[in-house]
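Going line by line, the protein sequences match chains L and A.
Residue numbers are given in the numbering used here: position 89 of the first sequence equals residue 89, and the series is strictly consecutive.
Residue numbers are given in the numbering used here: position 161 of the second sequence equals residue 161, and the series is strictly consecutive.
What the hints contain is simulated information worked out from the structure, not anything from laboratory work.
C-beta: ideal position from N, C-alpha, C; glycine also.
There could be a bad hint or two in this list.
In silico DSS-like links for lysine-lysine, alpha-carbon gap of 25 Å or less [said to hold, decoys possible]:
| hint | chain 1 | residue 1 | chain 2 | residue 2 |
| --- | --- | --- | --- | --- |
| 1 | L | K217 | L | K331 |
| 2 | A | K76 | L | K28 |
| 3 | A | K303 | L | K176 |
| 4 | A | K266 | L | K303 |
| 5 | A | K208 | L | K35 |
| 6 | L | K25 | A | K76 |
| 7 | A | K176 | L | K176 |
| 8 | A | K208 | L | K88 |
| 9 | A | K25 | L | K303 |
| 10 | L | K28 | A | K303 |
| 11 | L | K266 | A | K303 |
| 12 | L | K35 | A | K76 |
| 13 | A | K208 | L | K155 |
Okay, the calculated bits of chain L under chain A, using three or more residues with CB under 8 Å as the criterion [as the list claims (entries may be wrong)]:
| hint | stretch |
| --- | --- |
| 14 | 34-42 |
| 15 | 297-306 |
Number of protein chains: 2
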Amino acid sequence: MNELRREPVTGCWIITYLDRIPEVKDFKIESNEKKGEATCPFCWGREDQTPPEILVHRKYGPPNSPGWSLRAVSNKFPALRIEGELNKEGVGVFDMMNGIGAHEVIIEAPEHKRDAADLTYAEAEQVIWAYVSRSIDLRRDKRFKYILIFKNYGKIAGASLEHGHSQLIALPIVPKRVQEELEGAATYYNYKERCVFCDMIREERDEKERIVYEDEKVIAFCPYVSRFPYEVWIMPKKHASDLTGLDRDTVPSVARALRDSLLRIKKYLGDPAYNFIVHTSPINGREREDYHWHIEIMPKLVKVAGFEWGSGFYINPVPPDIAAKNLLSVKLEEK
Amino acid sequence: MNELRREPVTGCWIITYLDRIPEVKDFKIESNEKKGEATCPFCWGREDQTPPEILVHRKYGPPNSPGWSLRAVSNKFPALRIEGELNKEGVGVFDMMNGIGAHEVIIEAPEHKRDAADLTYAEAEQVIWAYVSRSIDLRRDKRFKYILIFKNYGKIAGASLEHGHSQLIALPIVPKRVQEELEGAATYYNYKERCVFCDMIREERDEKERIVYEDEKVIAFCPYVSRFPYEVWIMPKKHASDLTGLDRDTVPSVARALRDSLLRIKKYLGDPAYNFIVHTSPINGREREDYHWHIEIMPKLVKVAGFEWGSGFYINPVPPDIAAKNLLSVKLEEK
Chain L
1 MNELRREPVT GCWIITYLDR IPEVKDFKIE SNEKKGEATC PFCWGREDQT
51 PPEILVHRKY GPPNSPGWSL RAVSNKFPAL RIEGELNKEG VGVFDMMNGI
101 GAHEVIIEAP EHKRDAADLT YAEAEQVIWA YVSRSIDLRR DKRFKYILIF
151 KNYGKIAGAS LEHGHSQLIA LPIVPKRVQE ELEGAATYYN YKERCVFCDM
201 IREERDEKER IVYEDEKVIA FCPYVSRFPY EVWIMPKKHA SDLTGLDRDT
251 VPSVARALRD SLLRIKKYLG DPAYNFIVHT SPINGRERED YHWHIEIMPK
301 LVKVAGFEWG SGFYINPVPP DIAAKNLLSV KLEEK
Chain A
1 MNELRREPVT GCWIITYLDR IPEVKDFKIE SNEKKGEATC PFCWGREDQT
51 PPEILVHRKY GPPNSPGWSL RAVSNKFPAL RIEGELNKEG VGVFDMMNGI
101 GAHEVIIEAP EHKRDAADLT YAEAEQVIWA YVSRSIDLRR DKRFKYILIF
151 KNYGKIAGAS LEHGHSQLIA LPIVPKRVQE ELEGAATYYN YKERCVFCDM
201 IREERDEKER IVYEDEKVIA FCPYVSRFPY EVWIMPKKHA SDLTGLDRDT
251 VPSVARALRD SLLRIKKYLG DPAYNFIVHT SPINGRERED YHWHIEIMPK
301 LVKVAGFEWG SGFYINPVPP DIAAKNLLSV KLEEK
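Chain L on its own, in the form it takes in the complex:
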């Protein structure tokens, strides 16, 4: 019999299959081979095809020329623009405002084919630092309420350019999905006076079965309430509600947990598309006891169909303890 599991933060239910568990070959994973190097605007030598760099890790050369190892630029075709006023207004029953925001791209490495899973630990640390420092900078703009950091890898996960990159969108409102998570976490905290994510970490550590990475500072696991097969969550062990408060000692652990988890997914599942999303607090300057920043990696192995859209349920055909065991079976060389 399948099991219904309730995710304690947002309250969505997950149908977890306990029999008929698919193998890797059953997922029909599309190739994510990168073929567009010849015209890629994110490669060395084509720096003039992007807006100028906002942040750069550079070994040599002048700005906006080759020699960099990481580069952050504005999105050339932004969903939201930084210039202008919000001008909130009502339109009948609807509300409307101008599309103000910031939309940046963090190019993770100069080589076209080396993606987040292939970075060295040192390079992965650079990426995490870029998330932190771009967030700190954008927080100064008083129009913004939330900074969302995410990565789309592979066409079916929504990546429109192949070259490895993450995105950062600063929003003039706290988005619904974040609001839901904050409210769920606050409800739990008000009832139990404990952070729900800290409780989840304790439980995952007690059970041990779903952990895919652990060191002194950080843990990564396939959560008991995984919505998707091979989903992995990465969390700092010490309570912290905001990515921008990340301390120097924890960054290497976050980088390792993320790089290793992505590499295990790539090797075990044969390079599937995925999204990962940094879940962090809204911009309001206070450290919250009821929320815990973390990263959620969601491999795109199954389609989201009418049932999921209509209900907010998810159907996960791979129990997370099996997923963790499979991911751990991959041998990794350190780098």
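Given chain L, work out where chain A should sit, using these hints.
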């Protein structure tokens, strides 16, 4: 400048592009040509490959043999099973219950290649009646709290079998997505003492620009707050919170609005994958003044990526008034 629009029921924000509007060719629509007729378990003559029929419209022949024009059967590989007890229990911070429910399939026509968009009006009426009568029957089971009816068309929309079919899942809980919609509609009602969907209909009728079907009983429109390009909502004009209260006079209008909308989408966009979902009240026997049943059609033209997953925002590159104008440009022969 792009516009941010707020959907007044669930409160999600939509980034509506007002320039750089993509044309049909920009969407790279995958072929949904049907090639699997030779082994299709939903075709005439293979009735023994599905569980026995629960509901059937039959021109001739004994049960579970050819001669039918519509057939409802249990799903052979159900996400939830009808036998057993719920056995709710806590597992640490999590909640769990057995996967109890009903999962049925409504096979819309006997021909393998004729799908919902290709039905005659009379056949489309049969489909709507099947939704109503299966819902009425399943409501008697006291374990169920909600009945979700939806259709996945095309592989990328999650259809695993080609032969035209809708699905019906009876759930032991009111799902999160429905709960959100009910709460949003109730909040609006408590404030304004009017149904938010009735207000939306009034507004769409005043503006006229986004209507793709209208008769005395039913309206279909590309909502001002479309999350997806070429999204169409179908609503009874007279307030009614529940599909099962649908009266005999309104069924033909619902059937026409649905068939015509699907056919316009198929013809204008070149047969894209889509989902449609029937949004209706939970099972609890009372007619609600604050909720309005309707159908939402969501063509799958863009990928849902990290930004949407992380925020609950949507990016819609086609303004709904343009979508409606394009859909209306399709010439339909009545049938």
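Quick rundown of the hints versus the structure:
1. L:K217 to L:K331: The given pair, whose Cα atoms are some 22 Å apart, holds under the 25 Å limit.
2. A:K76 to L:K28: Given pair A:K76, L:K28 holds - Cα atoms ~22 Å apart, limit 25 Å.
3. A:K303 to L:K176: The given pair, whose Cα atoms are some 19 Å apart, holds under the 25 Å limit.
4. A:K266 to L:K303: Distance of about 21 Å is within 25 Å: holds.
5. A:K208 to L:K35: 46 Å, violated
6. L:K25 to A:K76: Answer holds: L:K25 to A:K76 is near 22 Å, not above 25 Å.
7. A:K176 to L:K176: 14 Å, holds
8. A:K208 to L:K88: 24 Å, holds
9. A:K25 to L:K303: 23 Å, holds
10. L:K28 to A:K303: Distance of about 18 Å is within 25 Å: holds.
11. L:K266 to A:K303: 21 Å, holds
12. L:K35 to A:K76: 41 Å, violated
13. A:K208 to L:K155: Distance ~37 Å between A:K208 and L:K155 Cα, so the pair is violated.
14. 34-42: violated (count 0)
15. 297-306: holds (count 5)
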